[in-house]
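K.L.:
UniProt numbering applies: residue 1 is where the sequence shown begins, and numbers increase by one.
No lab work stands behind these hints, which were simulated from the structure alone.
These numbers come from a predicted model, not from an experiment.
Take these hints with a grain of salt, some might be off.
[To be verified] When the alpha-carbon atoms are kept at most 30 Å apart in a straight line, the in silico DSBU-like pairs for lysine-lysine are as follows:
#: 1; residue 1: K71; residue 2: K219
#: 2; residue 1: K156; residue 2: K266
#: 3; residue 1: K151; residue 2: K196
[To be verified] Here are the computed distance ranges between Cβ atoms for each label pair:
#: 4; residue 1: Q123; residue 2: E243; range: 20 to 30 Å
#: 5; residue 1: Q269; residue 2: R63; range: 21 to 31 Å
#: 6; residue 1: E72; residue 2: E191; range: 30 to 40 Å
All C-beta atoms, glycine included, are put in the ideal place defined by N, C-alpha and C.
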Amino acid sequence: MCQVFGVSRSGYYNWVQHEPSDRKQSDERLKLEIKVAHIRTRETYGTRRLQTELAENGIIVGRDRLARLRKELRLRCKQKRKFRATTNSNHNLPVAPNLLNQTFAPTAPNQVWVADLTYVATQDGWLYLAGIKDVYTCEIVGYAMGERMTKELTGKALFMALRSQRPPAGLIHHSDRGSQYCAYDYRVIQEQFGLKTSMSRKGNCYDNAPMESFWGTLKNESLSHYRFNNRDEAISVIREYIEIFYNRQRRHSRLGNISPAAFREKYHQMAVLKKRTNGSVRYCQYTSQLSRVRARAHNTSSPLECP
1 MCQVFGVSRS
11 GYYNWVQHEP
21 SDRKQSDERL
31 KLEIKVAHIR
41 TRETYGTRRL
51 QTELAENGII
61 VGRDRLARLR
71 KELRLRCKQK
81 RKFRATTNSN
91 HNLPVAPNLL
101 NQTFAPTAPN
111 QVWVADLTYV
121 ATQDGWLYLA
131 GIKDVYTCEI
141 VGYAMGERMT
151 KELTGKALFM
161 ALRSQRPPAG
171 LIHHSDRGSQ
181 YCAYDYRVIQ
191 EQFGLKTSMS
201 RKGNCYDNAP
211 MESFWGTLKN
221 ESLSHYRFNN
231 RDEAISVIRE
241 YIEIFYNRQR
251 RHSRLGNISP
261 AAFREKYHQM
271 AVLKKRTNGS
281 VRYCQYTSQL
291 SRVRARAHNT
301 SSPLECP
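Turn these sequences into a full structure, and let the hints steer you where they fit.
P.N.:
The structure is reproduced here in structure tokens:
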């Protein structure tokens, strides 16, 4: 056999008896942890977020080394795909002005919500999904699903958000010009709860970039990898993605690589600390830390880059 492969017998036996180096063994152990983390995060994290995920599980690894091992393992994030819009703005209903003008910079939860509709293909036909996102926390605060794209569907999503968040009067509710959001009944709900209505310019998806970004993330990381036999299957997958993964587990770069729920909790802890300390140095330091996270993300990411 040694003659066939052109190697000496002594060289062959040295190779057989040679033990891998400590570095090589460490790399192999790390590869296993990286594979597990990659699967746990649904194949959605690049090197930066994966490094944070590993660190919070007690595994410290440098970014360059992690990038090298990911490459050796051929691990890649799920690729983004484009989807058609669902907006129907051809109606005679009154349209609200654009109060945001692509300035998505709230300073607290429940200051700005963005809302939109999308659809999912199943063997039974389309499933329509209405969603509402808090721009500050990136959390999906309300959603509803149904067979038809109606004002009742968007109303259910809005009521869910109102019940769960109990926002103060003056919250800006931004959406596109779809008939479901311009409908009289929907606008009445907004007025009853003291919401300010804002709407995108016609045909400008960037005016509602945070919500468009979430739809892309949902479809890229979850829905595009399924073939649903019926609407119930799709509903189950969507609900699990939003409630379990996106809101509570998925790390967001603009939130300091923590989940929306964790970021909201950190904000409320800050508010409690403010009341207890009455403006002490410790509170000021905590506020400064949270502000730096938001400012750093704002300077490095466009709205479309933060689902």
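K.L.:
Which of the numbered hints are not met once you compare them with the structure shown?
P.N.:
6
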